[in-house]
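Trainee: Listed below, chain by chain, are the residues.
2 protein chains.
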Amino acid sequence: MRDLSHDLGLLAINSATVKAWSLEQLVEGCARAGISAIAPWRDIVQAHGIDKAGKLIRDARLDVSCLCRGGMFPASDEAGRHAALDDNKRAVDEAVAIGARCLVLIAGGLPKGSKDLAGAHAQVRDGIAALLPHARAANMPLAIEPLHPMTAADRACVNTLAHANDLCDELGQGLGIALDVYHVWWDPDLPRQIARAGKRIITYHVCDWLVPTRDLVFDRGMPGDGVIDLRAIRAMVEATGYAGHCDVEIFSAQDWWKRDPAEVLQICVERHQSVV
Amino acid sequence: MRDLSHDLGLLAINSATVKAWSLEQLVEGCARAGISAIAPWRDIVQAHGIDKAGKLIRDARLDVSCLCRGGMFPASDEAGRHAALDDNKRAVDEAVAIGARCLVLIAGGLPKGSKDLAGAHAQVRDGIAALLPHARAANMPLAIEPLHPMTAADRACVNTLAHANDLCDELGQGLGIALDVYHVWWDPDLPRQIARAGKRIITYHVCDWLVPTRDLVFDRGMPGDGVIDLRAIRAMVEATGYAGHCDVEIFSAQDWWKRDPAEVLQICVERHQSVV
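Protein chains in written order, with the working numbering: chain P, 2 to 277; chain D, 2 to 277.
These are calculated hints, taken from the structure and not from any lab test.
Heads up, a few of these hints could be off.
Unchecked claim - Only some residues are given here: those of chain P computed to face chain D with a beta carbon under 10 angstroms:
# : residue
1 : L11
2 : P150
3 : L211
We put the CB at the ideal spot given by N, CA and C, even for glycine.
Just chain P, same shape as in the assembly:
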């Protein structure tokens, strides 16, 4: 029998799920709902002010499972790559300021006008390699998140857990993995790659794949409303020793973003206990 009161302590709310809320509203809403962890995006942290955000979160005794997100490394020219690196260093510093357990990275896609996928892969590897010294010095783990292959062109050209594992093999200490079920559930190689990832999985995100899916980015489902076998994937992840949060991250322009965020939070709590 799962210990539900303990299990609730493993729920984290990603700010993208309650997009209408500011950081302050997110912190207050989670406190009211008995939720002890959040995963904010940078926009609401920056809007609140980085240092003030850290104090707000510490005062509320909230865990920060991760900061979303850095990355987006490929660019058409050296100036673009340099700007991306600078922005990623700032993201590391923001993650430190709010006490995040890691900074999530998504790869970025093809530079505008490019069809050179292998070149983009190399830019991602080189970008993470260039960021790692700053992250290591700050003692802030980076978590590369494989995104669904349907995002390869314009958002992220690291699309499988195998590729993320390869990057960790190559780049070494300081780089881990953010695993989001939405992006990897379809992969027949998933059980093997989760076992291979082992302790590299440092943050775990959940939502669901809806049938039909009406948009490539903004039509994710609440856990339980789709076809992903969430319990099975969580069991595989926890078998690696992962004992961290389940971060509910739902992009949903037509459904959940239109509802009262407090109601959404309550449903996240229920679904976390019943299906995640």
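Once you've looked at the hints, dock chain D against the given chain P.
Mentor: Positioned in the frame of chain P, the structure of chain D alone reads:
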């Protein structure tokens, strides 16, 4: 220098690209445009009558690069699986009747209400295994087509060339691969898996990945309008010894399906020569 007149002989028009046309219109349209091969879907073949369709195509001296499509194996119960097998046997017979070089199979997705992806994979394998004796007896190659991972839930749970290669390894003679760039271009493992596939690739489909992509199924691009490095992938495929057609297959509810099919054909000819 590419021999363009020879190369035009390698262009095949998939009936999905000129969806408004009947088989008769497709045959006449291709004859007018100097195109020597077609890849019809079953709907227009059946609408014309199977035997009449064979005669029409033979009389026009058209090559049939493949018949689209069989497959869709997983079902909730034994009756459903039996019905799928029966329908696939008819598809093999139709492919023979029109002189197709192969019958394309797509896997099918999760049965309604199921979250058992591994179970669906097993049903696909078992379904192809059950179909193979009929296909071998008819001397009709089957071509399993890996579909993009975004189709895993509801259309096809074989989503990588690696998975298709594994099925070929397991099921043996009579099963080959239909490779469509749209579904596999994102895969960092593609060069290795194309080399592994070798002579198994028996039909090759092209279109393009648009940025942005507005629909998971019906927003494919004309070759050259997207981000896929078509020449590079074709070179890898031809390096395996593949000397068959490039079948232009474009699902495009908002763009190409709204245009005059004869104009679409002309653009296919031009793009085949300039970018495929």
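Trainee: Compare the structure with each hint and give your call.
Mentor: Here is how each hint holds up against the structure:
The restraint placing L11/P at the interface with chain D is violated, with a minimum CB-CB distance near 21 angstroms, outside the 10 angstroms limit. For P150/P, the interface hint holds, since its Cβ comes within 10 angstroms of a Cβ in chain D; the closest pair sits about 5 angstroms apart. Satisfaction of the interface hint for L211/P is found here, the shortest Cβ-Cβ separation to chain D being roughly 8 angstroms, below the 10 angstroms cut-off.
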